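Participant: Sequence:
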Amino acid sequence: MYQFNIYYLKFFTSLISVLCFFNIIYSYYFNLYLNIDSYVYTLLISLIPIVSIFFKSNEIKKISIYYKIQTVILGYFILPAIISLPYYLSIYNITFIDAYFEAISGFTSTGFTIFNNIKHLDESLIIWRSSSQWIGGLYFLFSILLLIEIFDDNLKKTLTNFLSFNTSEIFKQFSKILIFYIILTVVIFIIYNIFEFRSFISLNLALTVISSGGFLPTNNLSSILNNELKINLFSITMLISFFGLFFLYNLFLLKNKKLKSIQEDIYLLFYLLFTYSVFFIFFDKNLDFNYIFLAISSSVSNIGVSLEKTPQNLSFLFLLLIIIGGSFFSTSSGLRFIKIYSLVKFSINELISHSKPKNIFLNKLALGDENMNLHDFYKYFLTIIVFIFSLIILTSILSISNYNVEESFKLSILTLMNTVNSSMTGLNSFNFEEMNYFSKYSLIFFMIIGRVELLTVLILCKKFFFKN
Numbered sequence: 000m001y002q003f004n005i006y007y008l009k010f011f012t013s014l015i016s017v018l019c020f021f022n023i024i025y026s027y028y029f030n031l032y033l034n035i036d037s038y039v040y041t042l043l044i045s046l047i048p049i050v051s052i053f054f055k056s057n058e059i060k061k062i063s064i065y066y067k068i069q070t071v072i073l074g075y076f077i078l079p080a081i082i083s084l085p086y087y088l089s090i091y092n093i094t095f096i097d098a099y100f101e102a103i104s105g106f107t108s109t110g111f112t113i114f115n116n117i118k119h120l121d122e123s124l125i126i127w128r129s130s131s132q133w134i135g136g137l138y139f140l141f142s143i144l145l146l147i148e149i150f151d152d153n154l155k156k157t158l159t160n161f162l163s164f165n166t167s168e169i170f171k172q173f174s175k176i177l178i179f180y181i182i183l184t185v186v187i188f189i190i191y192n193i194f195e196f197r198s199f200i201s202l203n204l205a206l207t208v209i210s211s212g213g214f215l216p217t218n219n220l221s222s223i224l225n226n227e228l229k230i231n232l233f234s235i236t237m238l239i240s241f242f243g244l245f246f247l248y249n250l251f252l253l254k255n256k257k258l259k260s261i262q263e264d265i266y267l268l269f270y271l272l273f274t275y276s277v278f279f280i281f282f283d284k285n286l287d288f289n290y291i292f293l294a295i296s297s298s299v300s301n302i303g304v305s306l307e308k309t310p311q312n313l314s315f316l317f318l319l320l321i322i323i324g325g326s327f328f329s330t331s332s333g334l335r336f337i338k339i340y341s342l343v344k345f346s347i348n349e350l351i352s353h354s355k356p357k358n359i360f361l362n363k364l365a366l367g368d369e370n371m372n373l374h375d376f377y378k379y380f381l382t383i384i385v386f387i388f389s390l391i392i393l394t395s396i397l398s399i400s401n402y403n404v405e406e407s408f409k410l411s412i413l414t415l416m417n418t419v420n421s422s423m424t425g426l427n428s429f430n431f432e433e434m435n436y437f438s439k440y441s442l443i444f445f446m447i448i449g450r451v452e453l454l455t456v457l458i459l460c461k462k463f464f465f466k467n
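Going by numbering that gives the first Met the number 0, the first residue of the sequence shown is number 0, and it counts up by one from there.
For the record, the hints were derived by calculation from the structure and aren't laboratory data. Source: prediction; values computed, not measured. Just so you know, even glycine gets a beta-carbon here, dropped at the ideal spot from N, CA and C. There may be inaccurate statements among the hints.
Stated by the list, open to error - Here are the simulated distance ranges between beta carbons:
(1) PHE437 x ILE117: 35 to 45 Å
(2) SER13 x ILE392: 31 to 41 Å
(3) ASN219 x PHE282: 19 to 29 Å
Stated by the list, open to error - With a cut-off of at most 30 Å between alpha-carbon atoms, the simulated BS3-like pairs for lysine-lysine come out as follows:
(4) LYS378 x LYS344
(5) LYS171 x LYS67
(6) LYS9 x LYS175
(7) LYS9 x LYS67
Could you build all of it, start to finish, from the sequences and the hints given here?
Facilitator: Listed below in structure tokens is the structure:
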């Protein structure tokens, strides 16, 4: 069992070492020598797990779901500890808890930051922040595949056109995800360059967008998106992390396939169009289209960034979109639209069946062929209960720490949904550096809880606290 931890986690430590090497080369090329030693030390430490490949190890046996969950959660604690080293060893005199907070925030693609002025950071550290999100987004996708057996069959079927769930093929599936993830990152980077973003800005934004992260290479987004074309382009690219990772792949290869291969993404498209319509038809006609378009795209993809002129009186609606989230197999967080939609349909059918008992109502989604299992709906409902319970706990903790209830409530939602604070939620001026240690530890814990599937926590608890 121990060997499985090593095999799984050392792949990501090897990616960290590659990014360390990239930052060292970048620092030498642009004469950024202030923090170069921190990347060298981090490179050496990240190479330690990789050395184990030269030692003979026993063959990995079949791993239980409980051990897989432990491995995933363990990675969310260990890998950010390595990522935090360049912050801690930098010239900026950052405490370890602040460095670890920044690393966890990046790795979980949340985007909370202890840096009040990004302009004071050297470019290599800014790239490191963005890279931590990129690795975290990839780790999240790999974790979904690793824990796929705890999800229902309907959600698994959205991936069967591209991935196989044969245990012997698992590393081949990881390779497919990695290749496609890199390709999308490069495509986004190229698109930004074509539309005259600075190469440095394009790189950081590409790493942020593909991972649904919230770190920006500047203090505010308006300094980057200085015209309507750039605002709309950025809004559209953010939707890449809202739809499924293989949506474009399946869409272009749809010639001989049924629509059910992109079933979830079709639902998401209608949901997105409906959301845009509600905002632009039923709300104030004076609202700027570009700002609202960006805010909606940022909310549904759980990225969370926005421009300063975004109206804060709509913050509740943006928070609602953040909670709903995006595709099952994407880097976005949230409860997932397909789960909420299925649960609502199931609930309505149950209510109607009591009023019209002679009628038969099938809990089957459009474009699908099979009726959904009742057990799946129980899991959806349980996920929502766990979210509400976690929200109450974290809000209470922050309230005890002398934050007002509204601020605590909003910050708790953003933490559990791994979404950055910004002007659209009224928390753009929140200072994480001045938070007490207890509050920071709480946010660290719940950022991880939000990133791992909430249901996995209950499964793990069941294993250890409800043994037969």
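Participant: Which numbered hints turn out to be false for this structure?
Facilitator: Violated hint (a single one): 1; every other hint is consistent with the structure.
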